[in-house]
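Asks: Each chain is listed here by its residues.
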Amino acid sequence: MTAPSITPPAGTSAPAEPSTSAPPAPDVAVAVRGVSKVFGRRPAEAMRRLAQGASRDDVKALGTAAVIDASFDVRRGEIFVVMGLSGSGKSTLIRMLNGLLKPTSGQVLIGGENLAATDAKQLRALRRSSVSMVFQHFALLPHRTVLDNAAYPLEIQGVGKAERREKARTAIELTGLGGWEDSLPSQLSGGMRQRVGLARALAADTDVLLMDEAFSALDPLIRREMQEQLIELQQRLGKTIIFITHDLNEAMHLGDRIAVMRDGRIVQIGTAEQILSDPANDYVAQFVADVDRTRVLTASSVMVRPAVVVPVTGGPRQASRAMREAQVPAAFVVDRQRVLRGVVHDDDAVAALKAGQESVEGIVRDAVTPVSPDTPLAEIFAPAAESSLPVAVTDDTGRLVGVVPRVTLLEAMVPPDQPQTDESVPGRQATDPTPDGDAPTDRVAADEGGAR
Amino acid sequence: MTDTLVPRLPLGQWVDWLVDWVTTTFRPLFRFIKDVLGGVYDGLDAVLASPPFWVVAIVLAVLALLAKNWKLALGSLVGFVVIAGVNQWDNAMETLALVLLSAAIALLVAIPLGIWAARNDRVSAIVRPVLDFMQTMPGFVYLIPTVVIFLTGPVPGIIATIIFAMAPGVRFTELGIRQVDKEVVEAGHAFGATPARILGQIQLPLALPTVMAGVNQVIMLSLSMVVLAGMVGAGGLGEDVVAALQRVDVALGFEAGIAVVILAMFLDRVTAALGERAPVSRALVAARD
Ligand SMILES: Nc1ncnc2c1ncn2[C@@H]1O[C@H](COP(=O)(O)OP(=O)(O)OP(=O)(O)O)[C@@H](O)[C@H]1O
Ligand SMILES: [Mg+2]
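Order-wise, the sequence lines are chains C and U. If you use the working numbering, the first sequence corresponds to residues 1 to 452, in order. If you use the working numbering, the second sequence corresponds to residues 1 to 289, in order.
Hint data in this document are derived by calculation from the structure and do not stem from the laboratory. Where a beta carbon is used, it is the ideal one built from N, C-alpha and C, also for glycine. Treat the hints with caution; some may be incorrect.
Claimed, not checked - To give a feel for the contact side, a few chain U residues facing chain C, derived at Cβ under 8 Å:
hint	residue
1	V47
2	F191
3	A193
4	L199
5	Q217
As the list claims (entries may be wrong) - Pairs of lysine-lysine, DSS-like flavour, derived with a Cα cap of 25 Å:
hint	chain 1	residue 1	chain 2	residue 2
6	C	K102	C	K60
7	C	K121	C	K161
8	C	K102	C	K121
9	C	K121	U	K182
10	C	K102	U	K182
Take the sequences, apply the hints, and build the full model.
Replies: So this is what it looks like as structure tokens:
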């Protein structure tokens, strides 16, 4: 990998980066503004050099620059994933979000409240009411039972014994640990302990959940199950979740948006699809190279305009001419509202023309299986195999919004070309957020959260 | 040689002056301390020594049973019978009273100091060399100023014992708290617990096995020092040991000595067992199964 010659501004494809001073919008739950953390003897000097673009290695002698100039806003009800290799600064970053670590510079705002401006008492109140955390290494109280561990935050909140046990029990059930309430953590497996940590954070019932590799110790099946539960929980209760992982597929699966960290810096923030189809640099591209793209990319991100669309009120002559011009054997038929009615084949159209029919209505075949824009590519293969036609993509109301030709489907599975190395077009990725700009009309703007 | 090369450093003279000055300046305070400590000691000794031998022996054996198991209880009982058999029971009870009182006071100072040192690096840096000094200075050296200040009787022995035996109490408490998993403490903070609550619900319970090891050490050091304090008339087994030494009385020396050993074993096993009974230790044992 070539040496990084550009220091990319955090998140080239992130929508409207927060400025460093303006108060966050009301729908922002957690605002992170130019936050850095340097461990070591001379953090101030290290900060000065980092501000001038020095890298983590450059300031090694002065201290460990664990996090460098991180900025992002997490909206209420969003699952924001931070992804990066070991040592990239993820845990340090998340610890600054609830004040366990103090940033060397920059600000963290929780619900508009600046953590640096709170005194110890206010900070405790904020933690009780608003932010809970799942720890990477579980951090359970070894001398307490599973139930009392899960009830611990409620105990601190001053909830009465009966009520907190009840709530803790619910959280334990939710994480699938029912029946283990009276065990000690030391009697559980790693995965079970992790779920106790999860139950504890859930029992706290705060709006913001910080999860540091919360599923890392789970085996794949339970992991998948917990991921689904987390998404469900988030949708049901509207929690704001900041989730750390070094598992790409998990990041892609969970994240409404994903921040990719490298050596302390956030190198890209965007939706799973943005990161997959438009990586900010070589590093991100390599990082995402072996993701199962078919599970992340959805129909909306690869669909194109149908070559021919025939109105249901049109005549067979018009239909067959259109198909001939586009050199396709069949065309989708829509009504006046663009609602998909079916397909018409060219030989049917010719026959209808001979028979002197006025409209194509009589020859429309309804043998099409449309998919929704949110359907992952993995689930489009079956409909694609059913017929030689492209797969139709329709929205909730049945309107035809695009089609996925089979060749596009195959193309999408291959990672985009690695971005050009810097000698030819330095900084291209940083300055051109839409490399596919030559065919923008073929794409329907991907909606946020389309990753799911 | 050194007489000519290095001028005589009157360190001892200075300490002597200091002790003199302290003695005269704080005389009322020392009087008070002497009265209080002497009173508590007399009371404790009365509780241990006035009931018939077998009552106290059985009570102590039951304590051993509660702390550990019937084997320890039985062993203790046999030991106590031996002590009584060599006619050292009253002395042993005096020694036990001295040990319990000195160790209790030493711990009362040591544990909070250890907690403070664990939470504050500066305090830790100051306390550490002081503890080294206190523990490595030969024990009976403390007896000299305490005798000057408190004259004779049990009190100078008690004070010297407190100073001599305190160090491991501070050290082990600090170590125990510092050893508590940082992330577990962070969890307390993350959910908004107050520092006092984190100390009481997380740090101290988790540090307890280590703290108890410190308690054990404090008690054992107390015992060794209390015997030494027999030299200045603190009473108890030490007095007979000193007497035996002066008269070169092997029989008496051995009998008093064996009583010290039995008492030491009893105190050691019981306090060690108490440490193992801490809930945290049991949790850790469960992990090993
Ligand atoms: N308390 C600390 N003192 C000194 N250096 C630290 C401290 N905490 C973290 N670091 C350093 O900061 C860097 C980032 O660590 P961090 O734990 O944030 O990484 P991470 O991304 O969470 O890694 P992992 O995936 O292994 O958990 C590492 O080089 C680490 O050694
Ligand atoms: Mg980490």
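Asks: Hints first: check each against the structure and report whether it holds.
Replies: Against the structure, the hints:
1. V47: 34 Å, violated
2. F191: 4 Å, holds
3. A193: 5 Å, holds
4. L199: Constraint on L199/U not satisfied, violated at 14 Å.
5. Q217: 23 Å, violated
6. K102/C x K60/C: 20 Å, holds
7. K121/C x K161/C: Distance ~24 Å between K121/C and K161/C Cα, so the pair holds.
8. K102/C x K121/C: 16 Å, holds
9. K121/C x K182/U: The hint holds at about 21 Å.
10. K102/C x K182/U: 16 Å, holds
Going through the hint list in order, the structure does not satisfy hints 1, 4 and 5.
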